[in-house]
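Start from the sequences, fold in the hints, and give me the full structure.
For the sequence shown, the numbering used here assigns the number 3 to the initial residue and increments by one for each residue that follows.
A couple of the hints might just be wrong.
What the hints assert, rightly or not - Estimated spans, in silico, between C-beta atoms of each pair:
| hint | residue 1 | residue 2 | range |
| --- | --- | --- | --- |
| 1 | Lys99 | Arg183 | 33 to 39 Å |
| 2 | Val28 | Leu177 | 31 to 37 Å |
| 3 | Leu177 | Asp118 | 28 to 34 Å |
| 4 | Gly71 | Pro164 | 22 to 28 Å |
| 5 | Ala120 | Gln83 | 22 to 28 Å |
Claimed, not checked - Straight-line C-alpha distance at most 25 Å; calculated PhoX-like pairs for lysine-lysine:
| hint | residue 1 | residue 2 |
| --- | --- | --- |
| 6 | Lys149 | Lys58 |
| 7 | Lys149 | Lys26 |
| 8 | Lys99 | Lys149 |
| 9 | Lys58 | Lys99 |
| 10 | Lys26 | Lys58 |
Derived by calculation from the structure, the hints in this document are not laboratory data. Backbone N, C-alpha and C define an ideal beta-carbon position, used for all residues, glycine too.
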Amino acid sequence: MLVLLDRDGVINVDTPTGVVELEKFVLIPRSVDAIAMLTQAGFRIAVCTNQSSIGKGLLTPDMLGIIHGFMHRAVHAAGGQIDRVYFASESSDVPFKRRKPSPEMLLEAMAEFHADPARTPFVGDMITDMEAACAAGCPRILTRTGKGGALEAAGIPAAVAPVTVVDNLYAAAELICKEYR
3 MLVLLDRDGV
13 INVDTPTGVV
23 ELEKFVLIPR
33 SVDAIAMLTQ
43 AGFRIAVCTN
53 QSSIGKGLLT
63 PDMLGIIHGF
73 MHRAVHAAGG
83 QIDRVYFASE
93 SSDVPFKRRK
103 PSPEMLLEAM
113 AEFHADPART
123 PFVGDMITDM
133 EAACAAGCPR
143 ILTRTGKGGA
153 LEAAGIPAAV
163 APVTVVDNLY
173 AAAELICKEY
183 R
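The structure is reproduced here in structure tokens:
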């Protein structure tokens, strides 16, 4: 089975300009432990992340590779594995094709892993994550980390309901292990 994860605000601390250098990539406490828990429970993990900093010229593909290499090593050291990272490099200033809220990355991941959307939860922290998951037919889990707490406080739109709200990725992993085995 497959679990889809957003990156910024779920695995690592989000920044106003996006993470554009390795020194700014700070893991959210217990996020790698959560991925390890999912891996050890038999789930495959795919990260689906908007990286508009590339399209804006603030982040190079090489630096993104370095950041993702660090993330993979940290997850591996905790006993987990990220099987694939999908990213949209389009700037948020241009019409999107691949970037969330488009479901394209999620659909690509589910096709590659032969996953049933109804049994493939997506964990994110933004309305665009919930919209993409809804459009892809995935169960939606919102973390209060990143921008999720503000979205919960503002009210989750009925158009993306139902959404399960949890404190962080670790709580999401516990829920997924219980509900999706």
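Verification of the hints:
1. Lys99 <-> Arg183: 33 to 39 Å: holds (35 Å)
2. Val28 <-> Leu177: 31 to 37 Å: For Val28 and Leu177 the Cβ distance comes to about 24 Å; the hint is violated.
3. Leu177 <-> Asp118: 28 to 34 Å: violated (18 Å)
4. Gly71 <-> Pro164: 22 to 28 Å: violated (36 Å)
5. Ala120 <-> Gln83: 22 to 28 Å: About 24 Å separates the Cβ atoms of Ala120 and Gln83, which means 22 to 28 Å holds.
6. Lys149 <-> Lys58: Roughly 21 Å separates the two Cα atoms, so the pair holds.
7. Lys149 <-> Lys26: At roughly 17 Å apart (the allowed maximum being 25 Å), Lys26 and Lys149 satisfy the hint.
8. Lys99 <-> Lys149: holds (23 Å)
9. Lys58 <-> Lys99: Cα-Cα ~16 Å, so holds.
10. Lys26 <-> Lys58: Cα-Cα ~18 Å, so holds.
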